[in-house]
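Asks: Single-letter residue listing:
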Amino acid sequence: MRHVFETMGTVVSLDAAGPSPALLADIEGIFADADARFSLHRVDSELSRINAGTLSMLDAGPEVGEAYALAAEWRSRTEGCFTPTRPDGLTDLNGVVKAIAMRDAGAALVKGGIQDWTLVVGGDLLASGRAPDAGPWITGIIDPADRSALLCAIELREPRTAIATSGSAERGDHIWSAAGRSEFLQATVVADDIVTADVLATAIIAGGDRMLRTACGRWPIDVLTVDRAGRLSATPGFREALAVPVAP
Amino acid sequence: MRKRAVAGSILASMGILAVGWQIGAATAVTPSTTSGGASGTAGASGTAGASATTAASGSSSGSGSAPAAPSAPAAAPASSSGLKDGSYTGASEQTFFGNVQVRLTISGGRITDVKALRLTDQGGRSVQISNYAAPILRQEVLASQSAQVSNVNGATYTTEGYLQSVQSALDQAKA
Numbered sequence: 001m002r003h004v005f006e007t008m009g010t011v012v013s014l015d016a017a018g019p020s021p022a023l024l025a026d027i028e029g030i031f032a033d034a035d036a037r038f039s040l041h042r043v044d045s046e047l048s049r050i051n052a053g054t055l056s057m058l059d060a061g062p063e064v065g066e067a068y069a070l071a072a073e074w075r076s077r078t079e080g081c082f083t084p085t086r087p088d089g090l091t092d093l094n095g096v097v098k099a100i101a102m103r104d105a106g107a108a109l110v111k112g113g114i115q116d117w118t119l120v121v122g123g124d125l126l127a128s129g130r131a132p133d134a135g136p137w138i139t140g141i142i143d144p145a146d147r148s149a150l151l152c153a154i155e156l157r158e159p160r161t162a163i164a165t166s167g168s169a170e171r172g173d174h175i176w177s178a179a180g181r182s183e184f185l186q187a188t189v190v191a192d193d194i195v196t197a198d199v200l201a202t203a204i205i206a207g208g209d210r211m212l213r214t215a216c217g218r219w220p221i222d223v224l225t226v227d228r229a230g231r232l233s234a235t236p237g238f239r240e241a242l243a244v245p246v247a248p
Numbered sequence: 249m250r251k252r253a254v255a256g257s258i259l260a261s262m263g264i265l266a267v268g269w270q271i272g273a274a275t276a277v278t279p280s281t282t283s284g285g286a287s288g289t290a291g292a293s294g295t296a297g298a299s300a301t302t303a304a305s306g307s308s309s310g311s312g313s314a315p316a317a318p319s320a321p322a323a324a325p326a327s328s329s330g331l332k333d334g335s336y337t338g339a340s341e342q343t344f345f346g347n348v349q350v351r352l353t354i355s356g357g358r359i360t361d362v363k364a365l366r367l368t369d370q371g372g373r374s375v376q377i378s379n380y381a382a383p384i385l386r387q388e389v390l391a392s393q394s395a396q397v398s399n400v401n402g403a404t405y406t407t408e409g410y411l412q413s414v415q416s417a418l419d420q421a422k423a
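Line order of the protein sequences matches chains A and B.
Going by the working numbering, the first sequence opens with residue 1, and the numbers climb by one from there.
Going by the working numbering, the second sequence opens with residue 249, and the numbers climb by one from there.
No lab work stands behind these hints: they were computed from the structure.
Every residue gets a Cβ at the ideal spot worked out from N, C-alpha and C, and that includes glycine.
Take the hints with a grain of salt, since some may be wrong.
Claimed, not checked - Under 8 Å between C-beta atoms, here's a sample of chain B residues computed to sit facing chain A: (1) T353; (2) G357; (3) Y380; (4) N399; (5) V400; (6) Y405.
To be verified - Per the computed footprint, the stretches of chain B lying under chain A, defined by three or more beta-carbons under 8 Å from a beta-carbon of chain A, are: (7) 385 to 398; (8) 411 to 417.
If we strip away everything but chain B, and leave its shape as in the complex, we get (with noise of 0.2 Å):
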């Protein structure tokens, strides 16, 4: 059970991430291939997962964000997927959420790794990416009731609920 939870955690932080990294890659995602100026062919292919390459180098969504930056210097040459192999940093973009900056890592045409590099909210402060709720088996939290509570906590009660409340005979057995 405990491992259910587990994976859906992961599961629910990675949906983050993918959004996060559609966010990069559709507007800002430059190749750092050293290949001369062949680094917007790829792109120019219009082959499926071509956003990683189609923001032609430099023209940065114009949201005023910090300019890509090359990462590897060596790539691969474009496999069947036409995606090169190498990493690849996106600009970091603003978002309703703050901003955002991935890298992704390409390996045999394939992405194989996608990484938040920077995810602050509007006051500049990093959030916590793993800080999501994920779907929890009732199961799993049922054996912490036998522990000896001292008060109890639920939706807001008016002084006529609080007199049918497990509050009101917790505060009878303790006064």
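Isolated chain A, as found in the complex (with noise of 0.2 Å):
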């Protein structure tokens, strides 16, 4: 069953059988508190109110603080690839803020019980266990020159059930890049967790060739890149994980 909701100023689908009223209540209040707490289109957000000198970051939630200190990490990880700072220097935490609510969604689905799952958020997708025909959950991968095509398919095998695509093609307020316009087109992560995914693929954009090369032998990933002139890269794990072809 899907369950389709907006938040975030994106769209989240949800794909599980049996989530009771409540759980799917909490899920979307996950999403909705990460909203009021993170939005740069609210005014009255903590983060807007962080950015416009009203509220000291030591006054803020936790949350605050970890979604902070995360983005922090992963900047330095990055060496700056990543990072929640703007070029008109406001701090923007849309760049881990997505992957903590997918997260923490996560968490309350197999708390609740649930364990055959995927969470779709503005293009990103965390799977759970296996899909209705028993199967790995397999999932397209958007064709950057049109939108309406796939690239590809692959499968998505425990533990490595995190996707994140970035693309420089798109509005992706947060990938900054001092280098200017970025190498690659799309960079798609595969990843165990979200959040490292999520970071990558946007690190990857900004950093070119080198942040790939990095981030390949650094994390367990996989990674699929489109380059300007729509030129592929893949990583082994990535080839091995294409999806079977249906037989004509």
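Build the complex: two chains, separate frames, hints provided.
Replies: Next comes the structure, spelled out in structure tokens:
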């Protein structure tokens, strides 16, 4: 069953069998809380007030501190390719907030006794367990040259069940590259957790080939990139995960 | 096609090893020969490729790395290239990517093998040196499209963007 709702300026699609209305309300609440706290489109959000100088980060809720610490840690790990600081100096935690909410929603589903589900939020995906046909969940990856078409499809096998795609053609308001135009049009990262997948997809768009090499060598991830000429590159694990074609 | 792709990934891996070798060799590779004090002579002659022997044994670059260890007892006489046959183990070297240590084998005056003995990240975990993205042909991935997908993954979309998305169509089909 699909449960679709709008939050954080995008849409959440939850595919799960049998979640209770109370559990669904909890899941929606996780995203609503994050939006109320971190949205820069709301002048009264804690993060907006921190940016305006009317609230100290130390006086904000612990969730703000956790998100900022996580973003700062990833900035250091990616040598600044991923950063919570916008060029205009404002703090924007969108790069980790959505992934943290997805992580927490996934934990709530498992705690609620739901084992098999997928959660798609604004193009990023977290999966658990098996698809209704008892096989692995299969997800398509959008072709950046034609957003109504798929580039390929892969199987999400445990433990690598989190997948995030970043694109330089999109609004991608948390990708700021000092180097200017990205070498890559699109970067897809499959990881064991959604924060790692989301952050590294962003970092690879911002940091280009150098960051791609660093990321592949340093974290257990599978990657597919599309460069500006439409050329693809993939890690061995990504090739192996390519879905088996259906016989014609 | 598959063959080309595999060859590509192998070449990519070799590129990494070559970098690793340069890091190790340029700073602290000690010849493993046992011919008295002669170990420095090949390097002193200043021939091409002599970086493998120029480390003046023991002066391991001061980066706090382990001393180089001899790993082969005997060596053949130096060939015309100035490189003595044998195995040479570099010191463990701290680099931007973590600790790197390589061993190279010289046979007939040529480098015939380079092995990464140690490659770790800054957290000390061993690194999957084969996990590098290599070129892949579009045709290679296209066939997978025909699989039955339950969701799609793409660059972030907004609420408006969702309405035109493949995800939206799938959600309606599976509602």
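Asks: If a hint holds in the structure, say so; if it does not, say that too.
Replies: To see whether the hints hold, each was checked on the structure:
1. T353: Not OK, violated: B/T353 not within 8 Å of chain A, min 24 Å.
2. G357: Where the cut-off is 8 Å and the nearest Cβ of chain A is about 32 Å from B/G357, the hint is violated.
3. Y380: Holds: closest Cβ of chain A sits about 5 Å from B/Y380, inside 8 Å.
4. N399: Status holds, d = 5 Å.
5. V400: At about 4 Å, which falls below the 8 Å cut-off, the nearest Cβ of chain A leaves the hint on B/V400 intact, so it holds.
6. Y405: 5 Å, holds
7. 385 to 398: That given contact holds, which follows from 13 residues of the segment 385 to 398 of chain B lying within Cβ reach (below 8 Å) of chain A.
8. 411 to 417: With 5 residues in contact (Cβ-Cβ under 8 Å with chain A), the coverage given for the segment 411 to 417 of chain B holds.
Hint compliance for this structure: hints 1, 2 are not met, and every other hint is.
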